[in-house]
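Full structure from sequences and hints, please.
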Amino acid sequence: MFQEESFFHPAAFPGMVMDRVRVAGAGLAGLFAALRLAEGGRSVEIVDVKNRIAPSSGPHSEALRDYVGTEALAELRRYGFDLEPFGTIETTVRKSARYENVLRGRAYHLFLRGRDPNTVDQELYRRCLEAGVKFTFGSRWNPGEPIDIAAAGPPSGEFNILGAGFTFSSDGSNLEKHTAFALLDNDVAPGGYLVVTPGIEYHSIYSVSWGELDYDRLLRMTEAGAARPWVREILGSSRRLGRIYGRAFYAPDPIARAEINGVRYIGEAGGFQDAIAGFGFRYAILTGSLAAKSILEGISYHDLLQATFREEFAIASGIREKLNRFTNEDLDRLVESMGPSMSVDQYRHHRAARFL
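So that you can map any letter, position 228 of the sequence shown is 787 in the numbering used here, and since no number is skipped, the others follow by simple counting.
In case anyone wonders, no lab produced these hints; they're calculated from the structure.
Given the structure is predicted, the values throughout are model-derived calculations rather than measurements.
In this text, a Cβ means the ideal position worked out from N, Cα and C, and glycines have one as well.
It cannot be assumed that every hint is accurate.
[Stated by the list, open to error] So the derived label-pair ranges between C-beta atoms look like this:
| no. | residue 1 | residue 2 | range |
| --- | --- | --- | --- |
| 1 | Asp746 | Ser698 | 19 to 29 Å |
| 2 | Asn883 | Ser602 | 40 to 50 Å |
| 3 | Asn883 | Arg910 | 17 to 27 Å |
| 4 | Pro899 | Arg611 | 41 to 51 Å |
| 5 | Glu895 | Arg611 | 38 to 48 Å |
Right, here's the structure in full:
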């Protein structure tokens, strides 16, 4: 852990000439790393194949879990991230084919991703511009070219998590703003779950899968899930809007491959992803901040990662291997074991006991 004031600031040494830091990728991790570097006094350039700032998965609501370990927002604050969520989830309804559990209490913070001014992507972009970060759009980084930080998303052909779904208008829907739904059912999301999360002008419904990596097939599964009576009740008379298409990559031991030939890999470019449930927001912020710290202070990125995450990835990878073998009957037993209702504190203990 570190505090913002611990950063070495080259501006305090006016005679020192520092090379420009180059970042490949203008996603969440790349933007945040660039911002931290620029705030630390370095000249920064971001190279991105896209022609504008936009998440590759499309506009959607993204959740930050608040029931695992330390208080989630406080942790991000320690790494320099001070953007506020637009909302929280206070009621989480988890379903399997036969059972239902209602989790009561703050379980998630919600952030908007997309092209609108109030999204995380655009706010970080604005701050980067104000801090003097140079952007080169429409240019692809090829491994082997001089770069300091790789943040261009999953390596080509290496994604092992897929998200497929769509956004729908808040107008006409019956989704309450502090409630989310999750369906654990291999017929809808093999190895994963279907989720419905609230936004502001639009909400999101999509399946996250470890077992089905073809987008068209997974989208059809999502649409079949959306046709179930309880989901149709949530959708109400809302209108279907944009597409959600997200590819993610987790590595069992991402720290081992985090720095190669002087290039620091952050976020999903390095396999820093939640193997259990696919919540990558935290890893994007933390690895971006740690990569910036390693450059600003001239210390080992590998050592910073090891001190921060310890055995976190090994534990998560072991749990993922078990989840990949779960049948719908296993998922029924899992949700049944939670009972009809529990608090967030109760769930923390239950999750630890069940390795979930």
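The hints, checked one at a time:
no.: 1; hint: Asp746 with Ser698: 19 to 29 Å; verdict: violated (42 Å)
no.: 2; hint: Asn883 with Ser602: 40 to 50 Å; verdict: holds (45 Å)
no.: 3; hint: Asn883 with Arg910: 17 to 27 Å; verdict: holds (18 Å)
no.: 4; hint: Pro899 with Arg611: 41 to 51 Å; verdict: holds (46 Å)
no.: 5; hint: Glu895 with Arg611: 38 to 48 Å; verdict: holds (47 Å)
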